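Engineer: The task is simple: from the sequences and hints, build the whole structure.
Here is what each chain is made of, one letter per residue.
2 protein chains.
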Amino acid sequence: MESFLTYDDRNMRITDAERRSVRKAVLEAHMRIEKARVRGEREFLDLPFDLRSMTAIARAARRVQKRFTHMIIVGIGGSDLGARTIWQALGGSKATLTFASNPDPESISHLLTSIDWKQTAMNVVSKSGTTLETMAIFMVLRESLIKEVGTKHHAEHIFVTTEPSPDSPLFQIATEEAYEVIPHPLNIGGRFSVLSGVGLFPAAVSGANVRRILAGARTAETERRERKCESVAARFALNQFISMTKYARTNHVLMAYADLLSQFGFWYRQIWAESLGKVRHGVSIGPTPIAAIGAIDQHSQIQLYNEGPDDKTTTFIEVERFRRSIRIPKVWGNHEAFDYIGGLSLERILHDERAGTEHALTMHHRPSGTLRIHAISPESLGSLFITFEAATAYMGELMGVNAYNQPGVEEGKREARRLLSR
Amino acid sequence: MESFLTYDDRNMRITDAERRSVRKAVLEAHMRIEKARVRGEREFLDLPFDLRSMTAIARAARRVQKRFTHMIIVGIGGSDLGARTIWQALGGSKATLTFASNPDPESISHLLTSIDWKQTAMNVVSKSGTTLETMAIFMVLRESLIKEVGTKHHAEHIFVTTEPSPDSPLFQIATEEAYEVIPHPLNIGGRFSVLSGVGLFPAAVSGANVRRILAGARTAETERRERKCESVAARFALNQFISMTKYARTNHVLMAYADLLSQFGFWYRQIWAESLGKVRHGVSIGPTPIAAIGAIDQHSQIQLYNEGPDDKTTTFIEVERFRRSIRIPKVWGNHEAFDYIGGLSLERILHDERAGTEHALTMHHRPSGTLRIHAISPESLGSLFITFEAATAYMGELMGVNAYNQPGVEEGKREARRLLSR
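So the protein lines, in turn, are chains A and B. Quick note on numbering: the first sequence equals residues 1 to 422 in our numbering. Quick note on numbering: the second sequence equals residues 1 to 422 in our numbering.
No lab work stands behind these hints: they were computed from the structure. Misleading hints may appear alongside valid ones.
Treat identical chains as interchangeable: a pair holds within one or across any two.
[Said to hold, decoys possible] Distance condition first, Cα-Cα at most 27 Å in a straight line; then the derived BS3-like pairs of lysine-lysine: (1) LYS35 - LYS330; (2) LYS24 - LYS118; (3) LYS152 - LYS330; (4) LYS118 - LYS147; (5) LYS147 - LYS330; (6) LYS152 - LYS246; (7) LYS330 - LYS118; (8) LYS330 - LYS413.
Owing to the predicted nature of the structure, the values given are computational and were not obtained by experimental measurement.
Structural biologist: Right, here's the structure in full:
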């Protein structure tokens, strides 16, 4: 079984002795996760093996493809970050996806003027079926849809991803209006849901190969279960945990050297922040995730990472082989600034720039690690998703926090609702 | 004179006594900045008044518009973040802008397949004229341009923004090949250059109203000079400085409640990080800027901001009036989850969500401030740019660092160059 993702942590500035000192805690974390999983309480780790759900998703997606060339995904946070990531990284030739997250009148009015509803389906995603922003945008878009295709036929365009439970008002509406329901898994939070219908239904509609995404996730997850403390997920969590608790390196930068992984950075930001930023025994703890893109952020953030406070870890994502290769022509050979790159490839530049940045961080005594994927492929993306989900689970166990709730978002929601109900 | 930008810092959790204790230092910082400016050493603060350069830029832009409908900007970091910000926020009806920053073969090959060179100009931007990524992409795009329009006519498509100095290899090339040069101001670093031709030439080409951008910047800058310590820029810097040094709140979140300001967040990230992340007397200091978007990041980062470590300040950008208004239809009145928002507007939701988030941060004893702009307009954008540039200058003075160099990026560049020359 080939790995689609490897992890080089030699430059993390953590000694073997330090690793050994936390090893027992990691092993215990592993056992707790596995016990909970076997009890059915970590269902996100079993999603890669749920081929039955995937078949149903693929079937629903084919029905969409038969009739529509576009789909609008209405969702926010865990309801759309995964699908956005897959769409950016893999694209798809069957349908074009558009995302509507923010109740910003300028973006939504721009969207409204560009929709041809005859060709367009809409996937409304909300686990609880109550998400304010999503419901508001859905109500606006639905009115436009009905105006164009009529009340009678509008339901054929709408696919609702929510918990199939009477507790979800969106599920109740779907029943009343006869919208097709893609079930949101009951016990999986939004930020751990990308490998369920939440992420895979839009991906399948677009034409991305969801079987290969799951196969990649399966490979990484099988490896995790077998290798225990030595898995990429466990090692990544161990390194971040020691960096955070022993060295106060609380800012965790993920810097992908690939434009098509910028959305992955936003997906990571959510799972790392919302799962681990918690109050434990009255004390506020948790790392701050930061998403960066190489080489772009060498010209924006690297000055800070190299010379600013030693409060960060940097994890690179390196793509070993790009799907395209571009050669730089040899011109202006009499100018040194141009001559030395003539004949090289763009991917060579990106590789060597990452190596240069790693070198500079090391010279400045700043820790870095590198996650390597063979290519931006469905398999490597599936591996990345499940690996970061598992790493989050390990970090939660090591930190002693519940990685699966988000009590700190309620206060603001309540206040907004109070203001809106005035 | 109307202000296009106001600042509410009542929730910053800083007492009047604390403010008074730093007031003298801020006043001294102000005097040093003004002295340096009068000596001609803070030229970025005078750009809003440089109407002569702007007239030349507008004239060059009209020549582009006459012949082309598209322009590709090749640049990275300070060479393109400003133009990207203006293009996203204001758009323009005269020409479509596309940006090429990263030597990522997948994005560049995607770009190459979509260019119609007959309709397309190219603006290559590099202050030093040596930027590796920019030169590489330029050489690739130029080859494609020549293939389509021929060597003889290709120069008509190319506009080079660089220092008009023999030290810039790009300037030498421009002279040899007869490319039109838009001069990069000699004494202004990339991240302070948005209000020069670096940002305004692409903006003018697209059709954005650069006169109004400068007018907004002029208003804010005039106010800064008059109000000294009471200006938005000085107050913002003072609050961030006290938060950082006295309360160890080193992570500075800028959270705009507007999709069209997400690029502004990236522009801010550069100026704050690269200017202030420095070694001073052998000690690494500096805030870490973080860009967020409301309401989206309420579903991703707010759990961390509310309950995670008290190491952050949050500054909201609130847009008072959006250029569009969208009403949510009244439907499903029998479902409470939908009923309470029926009849409201999307912008009302965005406003009340920001207020809810501010309330929640305050309940969790986390500081926040709010920058208010009347609308996303050329004037407010100009005000934001110059205000953050000036705030960076104040912070540099208060911290005792040189905000205008970036010694920490050299190590990585050298190593990359060594690897590439192998």
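Engineer: Each hint: holds or not?
Structural biologist: Hint check results:
For the homomeric pair LYS35 and LYS330, neither the shortest alpha-carbon distance inside one copy (60 Å) nor that between copies (48 Å) is at most 27 Å. For a Cα distance limit of 27 Å, the shortest separation of LYS24 from LYS118 qualifies neither inside one copy, at 59 Å, nor across copies, at 65 Å. For the homomeric pair LYS152 and LYS330, the shortest alpha-carbon distance between copies (18 Å) is at most 27 Å, but the shortest distance inside one copy (62 Å) is not. For the identical chains of this complex, LYS118 and LYS147 are intra-copy neighbours only, at 11 Å inside a copy versus 40 Å across copies, given an alpha-carbon limit of 27 Å.
In this assembly of identical chains, the alpha carbons of LYS147 and LYS330 lie at most 27 Å apart only when taken from different copies (15 Å versus 57 Å within one copy). Taking CA atoms no more than 27 Å apart as the test, LYS152 paired with LYS246 passes in neither setting, with 62 Å inside one copy and 63 Å between copies. In this assembly of identical chains, the alpha carbons of LYS330 and LYS118 lie at most 27 Å apart only when taken from different copies (24 Å versus 50 Å within one copy). Taking CA atoms no more than 27 Å apart as the test, LYS330 paired with LYS413 passes between copies only; the shortest distance there is 21 Å, against 58 Å inside one copy.
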